[in-house]
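Sequence lines, in order, name chains E and G. Heads up, the first sequence is in this note's numbering, so the first residue is 1 and it goes up one at a time. Heads up, the second sequence is in this note's numbering, so the first residue is 1 and it goes up one at a time.
For the record, the hints were derived by calculation from the structure and aren't laboratory data. No residue lacks a Cβ here, since even glycine has one placed at the ideal position from N, Cα and C. Heads up, some of the hints might be wrong.
Listed below are the simulated PhoX-like cross-link pairs for lysine-lysine, each with C-alpha atoms no more than 25 Å apart in a straight line [as the list claims (entries may be wrong)]:
{"#": "1", "chain 1": "E", "residue 1": "LYS142", "chain 2": "E", "residue 2": "LYS111"}
{"#": "2", "chain 1": "E", "residue 1": "LYS142", "chain 2": "E", "residue 2": "LYS98"}
{"#": "3", "chain 1": "G", "residue 1": "LYS83", "chain 2": "G", "residue 2": "LYS121"}
{"#": "4", "chain 1": "E", "residue 1": "LYS340", "chain 2": "E", "residue 2": "LYS98"}
{"#": "5", "chain 1": "G", "residue 1": "LYS83", "chain 2": "E", "residue 2": "LYS2"}
{"#": "6", "chain 1": "G", "residue 1": "LYS179", "chain 2": "G", "residue 2": "LYS189"}
{"#": "7", "chain 1": "G", "residue 1": "LYS60", "chain 2": "E", "residue 2": "LYS2"}
{"#": "8", "chain 1": "E", "residue 1": "LYS2", "chain 2": "G", "residue 2": "LYS121"}
{"#": "9", "chain 1": "E", "residue 1": "LYS127", "chain 2": "E", "residue 2": "LYS142"}
{"#": "10", "chain 1": "E", "residue 1": "LYS141", "chain 2": "E", "residue 2": "LYS2"}
{"#": "11", "chain 1": "G", "residue 1": "LYS220", "chain 2": "E", "residue 2": "LYS372"}
{"#": "12", "chain 1": "E", "residue 1": "LYS74", "chain 2": "E", "residue 2": "LYS111"}
{"#": "13", "chain 1": "G", "residue 1": "LYS119", "chain 2": "E", "residue 2": "LYS2"}
{"#": "14", "chain 1": "E", "residue 1": "LYS142", "chain 2": "E", "residue 2": "LYS320"}
{"#": "15", "chain 1": "E", "residue 1": "LYS127", "chain 2": "E", "residue 2": "LYS146"}
{"#": "16", "chain 1": "E", "residue 1": "LYS158", "chain 2": "E", "residue 2": "LYS146"}
{"#": "17", "chain 1": "G", "residue 1": "LYS220", "chain 2": "G", "residue 2": "LYS60"}
{"#": "18", "chain 1": "E", "residue 1": "LYS146", "chain 2": "E", "residue 2": "LYS340"}
{"#": "19", "chain 1": "E", "residue 1": "LYS141", "chain 2": "E", "residue 2": "LYS127"}
{"#": "20", "chain 1": "G", "residue 1": "LYS71", "chain 2": "E", "residue 2": "LYS372"}
{"#": "21", "chain 1": "E", "residue 1": "LYS372", "chain 2": "G", "residue 2": "LYS60"}
{"#": "22", "chain 1": "G", "residue 1": "LYS83", "chain 2": "E", "residue 2": "LYS372"}
{"#": "23", "chain 1": "E", "residue 1": "LYS340", "chain 2": "E", "residue 2": "LYS142"}
{"#": "24", "chain 1": "G", "residue 1": "LYS120", "chain 2": "G", "residue 2": "LYS83"}
Quick partial rundown of chain E residues pointing at chain G, CB under 8 Å, derived from the structure [stated by the list, open to error]:
{"#": "25", "residue": "LEU6"}
{"#": "26", "residue": "LEU289"}
{"#": "27", "residue": "VAL374"}
Reference listing, derived: stretches of chain E covered by chain G, where coverage requires no fewer than 3 residues with Cβ under 8 Å from a Cβ of chain G [said to hold, decoys possible]:
{"#": "28", "region": "7-21"}
{"#": "29", "region": "274-286"}
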Amino acid sequence: MKFLRLIIRNVGRNKRRTLLTVLSVSVSVFLLATMLAVLAAFGGTTESSGGEYRLVVRRNTTLADAMPEAYEQKIQQVSGVVATSPANWFGGVYKEDKPFYTFAQFYVDPKTIFDVHPEIQISPQEKAAFQQERTAAIAGKKLFDKYGWKLGDVVELKTPYFDLNARLILRGMYTGPEEGTLFFHRAYVEEAMGRPGLVGTFRVRMDSPDSAPRVMEEIDRMFFNSTAPTKTETEAAFAASFISMLGNVKGLIAGVGLIVVFTISLIGANTMAMSARERFTEVAVMKALGFRLGTVWALILSESVLIALLGGVVGVVAAKVIYQFIGLGDMMALFLQNFKITAGTIALGLGVSALIGLVSGGIPAWTAARIKIVDGLRRVA
Amino acid sequence: MPDTLINIVQVTKHYRRDTIDIPVLDNIDLEIAQGEFLALMGPSGSGKTTLLNLIAGIDKPNSGRIVIEGKDIARLGEQQLAKWRARHVGFIFQLYNLIPVLNAFENVELPLLLTNLSKKKRRDHVMTALSVVGLENREHHYPRQLSGGQEQRVAIARAIVTDPTLLVADEPTGDLDAKSAEEILDLIKRLNEEFHKTIIMVTHDPRAASHAHAVLHLEKGVLSKSGGVYEVPAAHH
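Go ahead and model the full structure; you've got the sequences and the hints to work with.
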C-alpha cells in the first residue's frame with residue numbers, strides 16, 4: 001500500500017496519454033461486455049425459460065420464408081413431441097419507428113402457445129380473456145412498465161411488411177423469465193390477409209431435452225422432399241441464427257472478442273513501452289537507491305494494470321448505463337430475450353481488462369526493470 | 001589514525017563495445033578512511049565516475065576486491081547489492097534525479113519505502129532530513145517548483161534520510177550557479193564534519209575539490225599516485 005501513491009502519481013504523469021489508453025481499453029471492454037452479454041443470452045434462453053425442452057421449426061432457407069400450417073399435425077405425430085404451436089413474427093411499428101418503441105410481437109395460437117411456453121405466468125382470468133377475444137393481446141410486465149400500459153388499453157401496430165394495421169386490446173399481462181414480447185391472435189392476421197395459412201415458425205415442446213437430436217432429425221427428414229423443407233433447431237440455436245443468420249455465431253463473437261483484446265493489448269504494450277522508456281533514468285535512480293528488480297517490475301506493471309482496470313471500469317459502467325438505463329438493451333432483447341449486463345459479465349470484463357494490463361505491461365516493465373543502473377544514469381566519466 | 005572504511009584492491013574495469021575492449025580502470029589500489037571527504041578529479045574519460053560507481057555498488061569490477069566495512073561488495077549478487085546500497089549508500093547526482101511526480105517530502109521518503117518503518121517514523125525521518133538541508137518548509141513543493149539549488153538539497157536529504165555510512169556525489173555542483181554550488185558544497189562539508197559521513201565526490205571543479213580533505217587524481221584509469229596517497233588541498237595544510 002505504501003507504493004500506491006507512487007503508482008497513482010505515475011499513472012497521472014502523462015494525463016493525455018493515460019486518458020487515451022483508458023479510453024481505448026474502455027471501448028474494447030464495452031465491446032467485450034456486449035459480446036459476453038450476447039453469448040450469455042444464448043445460453044440463458046435455454047436455461048432460464050425451459051428452452052432446453054423446446055425446438056423451433058422453420059424453413060431451411062430464410063426466416064422470411066414460411067411453411068404450410070398443415071405441417072403442425074405431422075410434427076405432432078413425431079415421437080417425443082408433446083405440444084406444438086405456430087408463431088409468426090409481426091414486426092409492427094408501435095407509435096414511432098425508434099428503438100424505444102421497438103419490441104417483439106408474435107401472432108400465435110392463443111391456446112397452444114401456453115402449452116409450449118409453460119414459463120409464461122398469467123392469471124386464469126386474463127388468459128381466458130385473451131383466448132376468447134380475437135383482437136386481444138397479452139404482453140410481458142416489462143412492456144407494461146415501460147410504456148405505462150394498463151389492461152384494456154389499445155395498442156396499434158403498423159406493419160411495413162403487409163397491408164395491415166393491427167388494433168389490439170390488452171387483456172393480460174404475463175410474467176416470467178422473458179417479459180418483453182407481445183402476443184396476439186394468429187386468426188386476426190390470417191383473416192385480414194385472406195387466410196394464406198402460412199406459418200413462420202412452429203414451436204415444439206418435447207418430453208425430454210435428450211430427445212432433441214432425434215426429433216430434429218425426424219422432423220426435417222419428414223419435409224425433406226416437400227416444396228418447403230424445414231430446419232429444426234434448439235431454441236438457443238434458433239436465437240443465434242435469428243440474430244445474425246450466420247453459422248457459428250458464438251465462435252464469431254468469441255473470435256472478435258479475442259481479436260479486440262489482442263489488439264488493445266498491443267496498443268497498451270506500445271504505450272507502456274513508451275512510458276517505461278521515458279523513465280529509464282528514474283528507474284536507474286530507484287534501483288541505485290536500493291529498489292530491487294522485482295519491486296521496480298511490479299511497480300511499473302501495477303501502473304499498466306491500474307490504467308487497464310480504469311478502462312475496464314469505464315467500459316462496463318458504459319455498457320451497464322447504455323444497455324440498462326438508456327434502453328438500447330431493449331432493442332437487443334428483441335433478438336435475445338435474456339440480453340443484459342450481468343454481474344458475471346461485469347466481473348469478466350474487469351478480469352479481461354486486468355489481463356490486458358498484465359499482458360501489455362509485462363514485457364515493457366521487465367525491460368525497464370532490467371536496465372543497468374549505470375546505463376540508466378547515462379553518465380560517462 | 002581513523003579506521004579504514006573502504007579498501008580497494010587491484011581493481012580493474014573495462015567495457016566492451018562490439019569487439020573492442022575499452023580499459024577504464026587499471027589495477028586500482030585505494031584505502032579510504034571512515035569519515036573521509038575525498039574528491040576524485042580527472043579529465044573526462046579518466047574513469048572517476050566508474051570508480052565512484054564501483055564503490056557505490058552500482059557497477060562491478062572485472063577483477064579485484066572492493067571491501068567496505070569488511071564486506072567484499074564485488075562478490076555480492078544483484079539482490080544483495082540492492083539491499084546493501086539501500087542500507088549503506090546515499091547518492092547525490094549532478095542532475096539531482098528527483099522523481100518529478102513526487103513532491104519534496106515524497107522524494108525524500110522514497111528510500112524509506114524499502115524499510116519496515118511505520119508511516120509516522122518515516123515522516124519523522126523525512127522531516128529531520130529536510131530540516132538538515134533547510135527545506136522543512138518546502139515539503140509539498142514539486143521539483144518543478146524548486147530552484148536548482150533547492151532540488152539538489154532535496155536530493156541530498158534523500159541521500160541522508162536512511163542515515164547511510166557513505167555518501168557518493170557525482171558532480172553535485174555541475175549544474176548549479178556559483179552561489180548555489182557554494183551552498184551545496186558547504187552542506188556536503190557539514191554532513192562530513194557534523195554527521196561524520198564518509199563522502200566521495202567526483203568533480204571537475206578545483207574549487208569544489210578544495211572543500212574536500214583530500215583530492216585523488218585519475219588519469220586514463222590510473223591513480224596519479226598509487227596506493228591511495230592523496231594530494232591534500234592547500235586549504236587543509
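Against the structure, the hints:
1. LYS142(E) with LYS111(E): Between LYS142(E) and LYS111(E) the Cα gap is close to 22 Å, so the pair holds against 25 Å.
2. LYS142(E) with LYS98(E): 18 Å, holds
3. LYS83(G) with LYS121(G): Holds, at about 20 Å.
4. LYS340(E) with LYS98(E): Given pair LYS340(E), LYS98(E) holds - Cα atoms ~20 Å apart, limit 25 Å.
5. LYS83(G) with LYS2(E): 18 Å, holds
6. LYS179(G) with LYS189(G): Roughly 15 Å separates the two Cα atoms, so the pair holds.
7. LYS60(G) with LYS2(E): 31 Å, violated
8. LYS2(E) with LYS121(G): Holds: LYS2(E) and LYS121(G) sit about 13 Å apart, inside 25 Å.
9. LYS127(E) with LYS142(E): Within the cut-off at roughly 18 Å; holds.
10. LYS141(E) with LYS2(E): Not OK: LYS141(E) and LYS2(E) at ~52 Å, beyond 25 Å, violated.
11. LYS220(G) with LYS372(E): 24 Å, holds
12. LYS74(E) with LYS111(E): 19 Å, holds
13. LYS119(G) with LYS2(E): 9 Å, holds
14. LYS142(E) with LYS320(E): 18 Å, holds
15. LYS127(E) with LYS146(E): With Cα atoms ~21 Å apart, LYS127(E) and LYS146(E) stay inside 25 Å; holds.
16. LYS158(E) with LYS146(E): 19 Å, holds
17. LYS220(G) with LYS60(G): 18 Å, holds
18. LYS146(E) with LYS340(E): Within the cut-off at roughly 16 Å; holds.
19. LYS141(E) with LYS127(E): The hint holds at about 14 Å.
20. LYS71(G) with LYS372(E): Answer holds: LYS71(G) to LYS372(E) is near 22 Å, not above 25 Å.
21. LYS372(E) with LYS60(G): Given pair LYS372(E), LYS60(G) holds - Cα atoms ~11 Å apart, limit 25 Å.
22. LYS83(G) with LYS372(E): Between LYS83(G) and LYS372(E) the Cα gap is close to 16 Å, so the pair holds against 25 Å.
23. LYS340(E) with LYS142(E): 14 Å, holds
24. LYS120(G) with LYS83(G): 23 Å, holds
25. LEU6: With Cβ-Cβ at 7 Å, under 8 Å, it holds.
26. LEU289: Where the cut-off is 8 Å and the nearest Cβ of chain G is about 5 Å from LEU289(E), the hint holds.
27. VAL374: 5 Å, holds
28. 7-21: holds (count 4)
29. 274-286: This one holds; 4 residues, not fewer than the three required, reach chain G with a Cβ under 8 Å.
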